[in-house]
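**Student:** With chain A's structure known, arrange chains B, C, D and E on it following the hints.
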Amino acid sequence: MIINRKIPFKFLLNEIKIPLIIVVLLGFIFGLLPKYFPNFSPEIPIGIATTLGIAISILLSYKINQSYNRWWEARTIWGAIVNDSRSLVLQLQLYLNENDELLRKIAHYQIAWCYALDKSLRKQDVLSGWENLLNKEDLEKIKKQSNIPLAINQLQTEAVRKLYEKKTIEEFARTQLEVTLTRLVASMGKCERIKNTVFPPTYGQALNISIYLFVVFLSLSPVLQLNLFLQIIILLSISMLFFILQKLAHQLQDPFDNHETDTPMTSLSRTIEINIRQLLDEKDIPEPIQPKKFYLM
Amino acid sequence: MIINRKIPFKFLLNEIKIPLIIVVLLGFIFGLLPKYFPNFSPEIPIGIATTLGIAISILLSYKINQSYNRWWEARTIWGAIVNDSRSLVLQLQLYLNENDELLRKIAHYQIAWCYALDKSLRKQDVLSGWENLLNKEDLEKIKKQSNIPLAINQLQTEAVRKLYEKKTIEEFARTQLEVTLTRLVASMGKCERIKNTVFPPTYGQALNISIYLFVVFLSLSPVLQLNLFLQIIILLSISMLFFILQKLAHQLQDPFDNHETDTPMTSLSRTIEINIRQLLDEKDIPEPIQPKKFYLM
Amino acid sequence: MIINRKIPFKFLLNEIKIPLIIVVLLGFIFGLLPKYFPNFSPEIPIGIATTLGIAISILLSYKINQSYNRWWEARTIWGAIVNDSRSLVLQLQLYLNENDELLRKIAHYQIAWCYALDKSLRKQDVLSGWENLLNKEDLEKIKKQSNIPLAINQLQTEAVRKLYEKKTIEEFARTQLEVTLTRLVASMGKCERIKNTVFPPTYGQALNISIYLFVVFLSLSPVLQLNLFLQIIILLSISMLFFILQKLAHQLQDPFDNHETDTPMTSLSRTIEINIRQLLDEKDIPEPIQPKKFYLM
Amino acid sequence: MIINRKIPFKFLLNEIKIPLIIVVLLGFIFGLLPKYFPNFSPEIPIGIATTLGIAISILLSYKINQSYNRWWEARTIWGAIVNDSRSLVLQLQLYLNENDELLRKIAHYQIAWCYALDKSLRKQDVLSGWENLLNKEDLEKIKKQSNIPLAINQLQTEAVRKLYEKKTIEEFARTQLEVTLTRLVASMGKCERIKNTVFPPTYGQALNISIYLFVVFLSLSPVLQLNLFLQIIILLSISMLFFILQKLAHQLQDPFDNHETDTPMTSLSRTIEINIRQLLDEKDIPEPIQPKKFYLM
Amino acid sequence: MIINRKIPFKFLLNEIKIPLIIVVLLGFIFGLLPKYFPNFSPEIPIGIATTLGIAISILLSYKINQSYNRWWEARTIWGAIVNDSRSLVLQLQLYLNENDELLRKIAHYQIAWCYALDKSLRKQDVLSGWENLLNKEDLEKIKKQSNIPLAINQLQTEAVRKLYEKKTIEEFARTQLEVTLTRLVASMGKCERIKNTVFPPTYGQALNISIYLFVVFLSLSPVLQLNLFLQIIILLSISMLFFILQKLAHQLQDPFDNHETDTPMTSLSRTIEINIRQLLDEKDIPEPIQPKKFYLM
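Residue numbers (this note's numbering), protein chains in the order written: chain A, 1 to 297; chain B, 1 to 297; chain C, 1 to 297; chain D, 1 to 297; chain E, 1 to 297.
To be clear, the hints were calculated from the coordinates, so they are not data collected in a lab. Each hint should be verified, as a subset may be incorrect.
If several chains are the same, the list does not tell them apart, and a pair holds so long as it fits within one copy or across any two.
Said to hold, decoys possible - Straight-line distance between alpha carbons at most 25 Å, and here's what the computed DSS-like set of lysine-lysine pairs gives:
no.	residue 1	residue 2
1	Lys-195	Lys-6
2	Lys-105	Lys-162
3	Lys-6	Lys-17
4	Lys-6	Lys-35
5	Lys-143	Lys-283
6	Lys-6	Lys-123
7	Lys-283	Lys-144
8	Lys-293	Lys-123
9	Lys-166	Lys-136
10	Lys-283	Lys-141
11	Lys-144	Lys-105
12	Lys-162	Lys-195
13	Lys-283	Lys-136
14	Lys-105	Lys-141
15	Lys-143	Lys-162
16	Lys-123	Lys-167
17	Lys-247	Lys-6
18	Lys-105	Lys-6
19	Lys-6	Lys-144
20	Lys-195	Lys-292
21	Lys-292	Lys-167
Please read these numbers as outputs of a predicted model, since none were measured by experiment.
The following block holds chain A by itself, in its conformation from the complex (with noise of 0.2 Å):
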């Protein structure tokens, strides 16, 4: 997650510099030609450039807007499972003794599953950095699943089980736990859907040829064959601003893929820990993780 209010703008332009050449290309290839072949004037009138450059505008917003729903949602299920988090420990607290290894066990469970669901949707070494939270016999057992996170549910899922069974907590104190276990599923699953299903690439892939499309047009409209140096920045201005807003809403689509703008799952976890922690009154609270240059992961 960017988290400065300015981005540097050479980061920026760094993003989109390979569109950018191919429109400065365009521009020579298009502004030199009619001195050299004079015969060749397509005369395209402007108006033809200015609606495909409307219709781009109306169609990145749709974009960028779809993009951001994404962000935004893959945002708020990350924060219902910081809420959920805190809920369980709390619920735990309400239900149980509060001296109960059990308790302190499920809590580190659901430390655990922050950092693997993070881990996995990013798809990184899923059972590194946190594998002190689990005992050796839960590390042999969630290791035979292909989904860690689930397996850790599972776990969770035991241990409610026991304290039912060791009579800890009453028939609906267990039902309660479940819901809260039962949204946490849920939220995993939210996020493998947004991080599964890529957005329809088409829409996409038509807007940048549109984009081309607006630079060659723009760069054989009569009125502006007069000045290749002022044609050239006037197609790299607007094609920029295009370039840019493709490549953010680009990026808002993917909030789980490793990039700056991704939703900073590794520090919501750190968040979760410190929060799970000082609930428990622990005396060990790690540091809070620290934002790299611009960006939080």
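**Tutor:** Using the frame of chain A, we list chains B, C, D and E on its own:
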């Protein structure tokens, strides 16, 4: 569901070849007409065509937006089915004795339900490919009903009823299982709603007519009547953009129709099967569905 | 609900014939005026008309969007009615003894409730076509109330009350049934909200005036005043597009009004009847409602 | 709420007469200026005005969209109040003995609550028109609080508490009634949110300034400076469209403000009263509220 | 939150004075350049500037839309906090003995929680202004945690636990209180999400660049290069519109940032305090927060 970030251009073009041929023909007719009938020179001002072009962009954006919402809703419903299927098994493991035969039975019913829903939405042979998950008696029962997934829900309800009658689960656990089954019935109903509700076709028909009108008006603009070849290139490139987006909207509207852009129901059903079988600690785990070329069904 | 992918063009045209005739008249009047009154040559620049044309497209898109949302909400509410009707029967079969007479009674009340809601929303004779589902005494009771579906809800509540008094269901089962009935009451209220809340008519009236203004301004543009026939063709083709979309928006706004674009309530009620009777393993299963021409009611 | 499909044109015009007079004045001033000060001929190209016109259309559409959403949300909240009021009575009839005096009391409290909420949102005398629904002691109690509907909720809570203390309802039934009351408290809070949150006025002010700017720029376009009368007709017709939509947006924003476009709270409260009294099988059923001219309050 | 229907123009202008000065400078530079360097006459066609102007309007509308949604979501979350705070007290009064000391304690915790959340979101001194609501021991406890509102939630949970241990409430009542507390934890998490998630700044930066580009292109249009004074008036009036809307969007994005457009959290917390104290029938009721000039904090 399309899983590649880039769709082969050939595929896109193939989808819209008929309208493009019509555009070429219209371009020829209205481009050549003034040459053979010099008296016929309508000279429609380009403002008419550009206004229509902008109008089309606006209407198209709305259509894509609403189609995308349908497609995303369909995917979200199946995401909820994934979540509820997993939660159902975790609930059973929380409330039942681990080795209870009915636990495995309800879980297998759930796998069968997913495959049956997939096939019934795609209008394929509903009772094939997963029959081994049900015993003969169950198969007889569900064949009597016209809505097979709903019939499987009834089998699950009956099994939960038996659990309660055998005193295996308490009153409250029974209710929680019922709540999950109710959510699954609701997800099924939501899929049927999307499947059976045709997006108002007037909108798409009006858009199509507008695009052809746009092509005609543009080809009759005086500023374009210089070079037939160039004119057809311009007509093709802009109308191609419109037709691709129109086609995209059309496909996203119907996410259960055996398109490449479908919700990947078979693949998700397989994921559910793998997850459930691993949660049950079974041995024979099937492989995930492999994508075909650039999409997944 | 329209079920064909293509609506006959004749049907579309029939809906908007009056405004189209007005457009032709306006085109004649403002096209011929300068010929008879040469001094009258307003020559409104085409920019005015194109601006108005784009403004109309923007406002029209919003109107269609909001109308579509109403229409889709109406369909979603009836989807929820389908789901809750099915779940109600499954719940009864879970909580009750299979052969209990009240089970069948509540299920039949549910079928009656759907038909009664359908008819009361369409302002048809509410008490016909399904009376055989209720006995005489029940019919007497509900006739005393002005809201028939709500009266049937009261009958269901009473039946659930009897089940509990007879000790047939436990406290918790009673509550679950009540929750489902509450959801059905809410769905009914949502339908009434859509039915009774007129979409602000100012918007549609302002749009209509704008389209006629657009026609007048366009017909007075100097660039168009060359060929009366061509001018009227252009006026007709663009305004037709606007009027069709305006009409579409108008119909989608009111999804319970006996239009061809209505939510297919009768057909959905029949589906509910079929599903419920099959779940009850009854013998006399009615046929699904057949579509009329290109739509389903 | 407006209930006619067509609003009298006089009514629309009356709402926007001041801005229209300003437009006429502006048209005169900028139309006559060049005649008296021939040196003053700004000749602003029409492109500036058309761009501004399109910009206004876009911004206006968004404003109407958001205003409509507020208005629809307000209507939806009152729809939920209707549903919960009905369900509350059905719940009481399910859980209580039919002739219990408290049943009738809680139901009457509910009718009083609706009228009180209606009047408190409209800043009318809250304690009039429905006082007979409460006894003297209750009236004394609620007068001590600044939020009358909330005070009635407290009376209801107290009554439910008595039902439980008298052992008339079980633990679970008590909770279900509490859940319904909590939903009603939430609906009240949602109404207060809409009532007390002023839509950001900057947007509307910026739009108003833009419309006047548009009028000035348009009247200074060289192509329009031929015929003063015609010019003012054009200015009026386009700006009237903008002002009507701006006014509509303005009214939809505030659905509890004694406008003709208000949520019909008094009428809905009456419907609730009729429904509740019929469910209670009472004799004196009041008449529905009759519309005033073309709207319903 | 702004409470006046009209904001002083001075206030609006003050917010955007820097960009307006830049616009004046740009207008001077590009307006005077051709006079001193007659060879430099780029003559960019006005179509480029108008296209950019329309593109800016479209992108701006989307930004305002999304910013408004964030702002409205923030207000909705605090609306839910108001509702849940009221319901919590009503629930306690339903389930507890009226004079129970813990009832008053939990209600006072709730008031403290609201003020603490307000101050922690606004990055003010969290522990001031409401400390008297907690006793010394409680204050010690919550100071140990980094998230003060969450620590207060833990105090509430502990108090509910004591109620259950003292047998003051039943199992089911305990759960209902827990559900309300869980909702409050969720509302807190939602506020943190909005506070900590920076709206993608690329969008705003790209918009700003576009507005300056628009100014430059417009000032270089040949049709405008006649009258320097008039030109700057036009540049200022249109760019002012864009900058005001851009600024509005910017402020709505961050509703917890001590702006005049903030969610009025202090005022809402005070309302909650008044409501709770009146429900508890206390004597010392504080006054509502008074607005400062034209806004409420």
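**Student:** Quick one: which hint numbers does this structure break? Sort them smallest to largest.
**Tutor:** Per hint list: 4, 12, 16, 18, 19, 21 violated.
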